[in-house]
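**Student:** Residue numbers (this note's numbering), protein chains in the order written: chain A, 1 to 176; chain B, 1 to 655; chain C, 1 to 141.
The set of hints was computed from the structure by calculation and includes no laboratory data. Source: prediction; values computed, not measured. Incorrect hints may have been included.
Here are the computed lysine to any residue pairs in the SDA-like style, where the Cα-Cα straight-line distance is at most 25 Å [as the list claims (entries may be wrong)]:
1. A:K39 x C:K43
2. A:K39 x C:E95
3. C:K43 x C:A91
4. A:K39 x A:N117
5. A:K104 x B:A273
6. A:K166 x A:E106
Short, incomplete list of chain B residues facing chain A, as computed with Cβ under 8 Å [as the list claims (entries may be wrong)]:
7. I297
8. L317
9. I320
10. I322
11. T375
Footprint (simulated), chain A over chain B, 3 or more residues, beta carbon under 8 Å [as the list claims (entries may be wrong)]:
12. 308-315
13. 526-533
14. 594-607
Glycine is no exception: its CB is placed at the ideal position from the N, C-alpha and C atoms.
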Amino acid sequence: MRRWTLWLPLALFTFFVGLAAYQLTQPKDEFVHSGMLGKPLPEFDMRPALEGMPGASLADFKDGQPKLLNIWASWCLPCIAEAPQLEALRAGGAQIVGIAVRDKPEDVSRFLETHGNPYARIGADDLSELQLAIGSSGVPETFVIDGNGVIVHQHIGDVRESDVPKLLEILQEAGQ
Amino acid sequence: MIAELGLAALWLAAALAAMQLIGGATAQHNEESDLALLVRPVAILQGLLALFAFAMLMWLFAVTDLSVKLVAENSHSLKPLIFKLSGAWGNHEGSMLLWVTVMSCAGALIAAIEHRLPEKTMRATLAAQGFVALGFYAFLLFSSNPFERLPQPVPEGLGLNPLLQDIGLAFHPPTLYFGYVGLSVAFSFAVGAMITRQVTPEFARVMRPWVLGAWVFLTLGITAGSYWAYYELGWGGWWFWDPVENASLMPWLAATALLHSASVLAARDALRAWTIMLGVVAFSMSMVGTFLVRSGILTSVHAFAVDPERGSFILALLAIYIGGALLLFALRASSVAEGQRFALTSREGALVFNNVMLSATLGIVLLGTLYPLVTEAFDVRVSVGPPYFNPVGAIFVLPMLMVMAVGPLLRWRWDRFERVRLPIAILVALVVTTAVVIALTSDIGVLPLLGLSLAGVLAIASFLPLRGRKLWRTPIATWGMVIAHFGIAVALFGMASESAFTSERLAAVNPGDTEHVAGWDVTLQGIEPVAGPNWTALEATLVAQRGSGDVVTLHPQSRNFWAPPQQTTESALLTRWDGQLYAVIGGQAQDGRWQLRLWWKPFVTLIWYGGLLIALGGVLAIIGRLASDLKRRHIRAQAQQRRADRAGRAVGEAA
Amino acid sequence: MMRLTLILAAFQMLFVAPLQAQDSLPPAPYAYRQLDDPALEAKAQELMETLRCLKCQSQSIADSDASMAGDMRHQVRTRIAAGEDPEAIRAWLVERYGDYVSYAPRVTAATWPLFAIPLLLLLIAGIVLWRRIGRGQGRAA
C-alpha cells in the first residue's frame with residue numbers, strides 16, 4: 001500500500017468533521033423557497049372563500065397595480081399572530097388578496113370577525129392548487145405580485161412587525 | 001442522597017478512567033511501573049462504579065424522586081414500574097449513562113478474563129477503552145448530568161407520554177447501545193494492536209466475539225426498528241432510507257465487513273491493516289450515527305430531542321477519537337505488512353471481494369445520507385431517497401450476494417476451480433432460469449426480479465457448505481455461518497416479493513360494503529368508538545375472507561391521544577404463511593363513507609424472519625467460537641500440565 | 001400532520017412533528033382514491049413514492065397523512081389520468097420547489113458527485129481487487 005493512501009481516510013474524515021462543524025454553526029434554514037420568482041402567476045379563477053366578498057382570479061392581478069398575495073387559513077395558528085401586521089400593511093396602502101387554503105366559509109368568516117379583515121378579495125383554494133402552482137409549501141406565506149401578475153417576492157412564515165416596512169418597500173418597487 | 005451517591009460514583013469512575021488511560025500509556029514505556037500494574041484492577045473498579053451510578057439512576061426512577069430534574073421531566077408517579085425503570089434510559093442523559101455503563105462493564109470484563117494477548121497490548125487496549133469512556137464521562141458530567149437536582153421538587157412529573165410506554169420502545173435503544181459498545185471494544189482492541197504493533201491472528205480471535213456480539217445486537221435493533229416503522233406509520237413501508245435508519249445501517253455494514261475480515265486475519269494472518277481500518281470505521285460509524293441523530297443536523301421522520309450543543313460535544317469526541325485513531329493508522333499502517341496475497345479461487349479471495357463490496361455499499365449509504373448536508377453549505381437543498389439508494393446500492397450488493405453463494409464452498413489458500421465448477425454451474429443455471437421464468441410470467445421491475453431469482457439460489461447455496469459433512473460433527477460456528485447466510489436469502493426474498501407483488505386498495509366505504517384486494521374480500525361491518533387510558537379511538541370491525549377460507553376479524557383504529565394531542569393510526573395485521581393483510585382505517589368523508597386502506601403483501605414477514613435468522617447465525621457463531629476457545633485453552637493447560645509432570649519426572653529420575 | 005412518528009435507529013425517542021392545527025376540509029378526491037386504470041395508478045404510485053412531502057420531516061407523499069400531501073397526490077393522480085408523463089409532473093414540481101421535492105436526484109451542477117463517486121468507488125473496488133487477488137493467482141499464495 002502506498003503511503004499517501006494511508007492518509008486518505010484521515011483526509012476524508014477531516015472533511016466530514018469540518019463540514020459538520022460548519023453546519024452546526026449555521027442557522028438551519030428549514031424553508032423551501034419557491035422557484036417561481038420572476039415568473040407569472042398561473043391562470044386561476046377561484047370562488048370567494050366566504051359570502052359577501054369577491055373571489056380571486058388571475059385577471060385581478062393584471063390591472064397594473066402591484067398586490068400582496070397572502071396564503072393563509074383559518075385553521076392556521078401563526079395566521080392569527082400575523083393578522084395585525086396584515087392590517088398594518090393594508091393601512092400602509094397595500095392591496096392584499098387572500099387565498100384561503102382548504103377552508104370552510106363559516107370558519108373563514110368567524111376568523112375574520114375575530115381577527116379583522118385586511119383583504120380586498122379572498123379566493124378559496126380547496127385543493128391547494130394555486131399553492132402548489134406558485135411553489136408555496138405552507139401557511140402562512142405572502143407573495144408580492146407586480147402589476148402584470150409576475151411573482152416578485154416570497155415571504156415564508158408569518159409576517160412580523162419588522163417585516164412590514166420591507167414588504168411595503170418591495171411592493172412599491174414592484175409598482176415602478 | 002441517592003442522586004449525590006450516583007454523581008459521586010460517576011466522578012470517581014471518570015477519575016479511574018483517566019488513571020486507566022495514564023497507566024496504560026506509561027505501560028508502553030515501563031511495563032513494571034506501579035501505574036501499569038494497576039490498569040486491570042482500575043478498569044474493573046471503573047466498571048463497577050459506573051454500574052453503581054446507573055443503579056442509582058434506576059433507583060431514582062423507581063421511586064420517582066421528583067427533586068431530580070431528569071425524573072421530573074421524564075417520569076410520572078402513576079406510570080407502571082416497568083416503564084418507570086425503562087424511563088431511566090428513555091432520555092438523552094440516561095441513555096448516555098447507560099451507554100458508558102455498558103462500555104465500562106465491557107472494559108471490566110476484558111480486564112478480568114482476557115489473557116491471550118501480550119500484556120502490553122492489553123494495557124494499550126484498556127487505555128484506549130479508558131480514553132473513550134473518559135470522553136463520555138466528561139460529556140455526562142459537564143453537559144448532560146443525569147443526577148441534577150431541581151431547586152424545588154415538583155409535585156408531579158411531566159412524562160406520561162403514552163408513546164414511550166411500549167415494551168418494544170423500552171428495549172429498542174439498549175439493543176443498539178450494546179451494539180455500539182461492542183464496536184467500541186473492537187475499536188479499543190484495534191488501537192491497542194496498532195500502538196503495540198501486535199496485529200496478529202490472536203488479536204483477531206480475541207476481538208471477534210465482540211464484533212459478532214455487536215453485530216447480533218445491531219441486526220436485532222435494525223430488524224425491530226424496521227418492523228415498527230412498518231406497523232406504526234400506517235402506510236406499509238418498512239424502510240425509507242431516512243437518515244436515522246441509515247445511521248443504524250452504516251455501523252451494521254461496517255461490522256459485517258469487519259467480522260469477515262477478522263476471520264481472514266484469524267485464519268490466514270492476512271488483511272491486517274484492512275481489519276484495523278474496519279475496526280476504526282465500525283466504531284466511527286456508530287459515533288457518526290449518534291451525532292447525526294442527536295445534533296438535529298439532518299431532517300428525519302424519526303424526530304429526536306435534538307440539541308446543537310450536545311451535537312458539538314459529540315462531534316468533538318468524534319474528532320478526537322476517530323481522528324486520533326486514523327492519524328495513528330496513517331503513521332503505523334505502513335509498518336503493518338498486509339500479509340499474504342490471495343488466489344482468486346480461495347475462501348479469502350471471496351471474503352476480500354465481500355469486504356470491498358460491503359465497504360463500497362457503506363460508502364454509498366454514507367454519501368447519500370450526508371450529501372444533502374454538503375449541498376446545504378451552498379444553499380442548495382436536495383433530497384436523496386430510494387430512487388438513488390436502491391439501484392446504486394444494488395450495483396455493489398448484487399455481485400456481493402453472488403459471491404456469497406460460492407465463497408463458503410471454497411477452501412482457504414487455494415482451490416481448484418474444477419472442484420467447485422459443478423455447483424457453480426448449477427447455481428448460475430438456476431439464477432438464469434428463475435429470472436427468465438419470472439420475467440416471462442410477470443411484469444415486475446429489474447431489481448425485484450434479480451432479488452427474487454438470487455434469493456432462491458442463495459437459500460440453496462447457503463446450505464451447500466454442509467454437503468458431505470456429518471451434520472452433528474459440523475462445528476457450531478459453521479452452522480452459524482450457514483444460518484446467517486440463509487437469513488440473508490430469506491430477507492432478500494421478502495424484500496423483493498414485497499416490492500414486486502404488493503397489492504394496494506384504497507377506498508371510501510360504507511358499513512356493509514366489501515372491498516377486494518389480491519383474493520381477499522374485506523367487509524366493513526361497523527365503526528365503534530373505544531377509549532383507552534389516555535386516548536379515544538374509532539375502531540373499525542373488518543371481516544376478511546380469502547376464497548372460501550376462514551372468516552377473520554380485524555380491528556384497525558384511528559386513535560386520538562390528548563396529552564400530548566396526537567392522532568395515530570393503529571393498523572391491523574393479519575398474518576398468513578404467504579403474506580400479510582394490512583388494514584388501516586382513516587377519516588370519515590362528508591358523505592359518511594370511511595376511508596379504508598388495504599394492502600396484501602406477499603411474504604413480507606420474511607424480511608424480519610430473515611433478520612432474526614441472521615442474528616441467530618451470529619449467536620451460534622459466538623457460541624462456536626467461545627467453545628473452541630475454551631477447548632483450546634483446556635488443551636493448552638493440559639499440555640502444560642503434562643510438560644510440568646514430565647519435567648518433574650525427569651528431575652525425579654535424575655535424582 | 002400530527003402523526004405518530006417512530007423511532008428507529010439509535011437513541012432517544014421523543015417524537016412528534018411540529019404541532020399544527022388540522023384543517024377541517026375533507027381530503028381531496030384523489031388523495032385516498034386510486035385511479036380506475038391499474039396501469040395509470042401504478043404509474044402514479046411510482047411517482048408519488050419519490051416525491052417528498054414538504055410539510056413532513058422526511059416522508060414521501062405516498063406515506064403521509066398531511067393534507068398537503070393529499071392534495072399533491074390528487075394533483076399527481078389527476079394529471080396522470082389526463083395523460084401527462086410522470087417525469088413532466090416531477091419537472092413541474094421541481095421548477096416550483098427545487099430538487100428538494102424529488103427523492104430521485106438529477107445530475108446537476110450541485111449533484112454530479114452523487115453519481116461520480118459511485119463510479120469512482122467501482123473503479124477503486126476494481127483496482128483493490130485486482131491488486132490483492134489478480135496477481136496472487138498462484139498456488140503459492
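**Student:** Of all the hints given earlier, name the ones this structure violates by number, lowest first.
**Tutor:** 1, 4, 5, 6, 8, 9, 11, 13, 14
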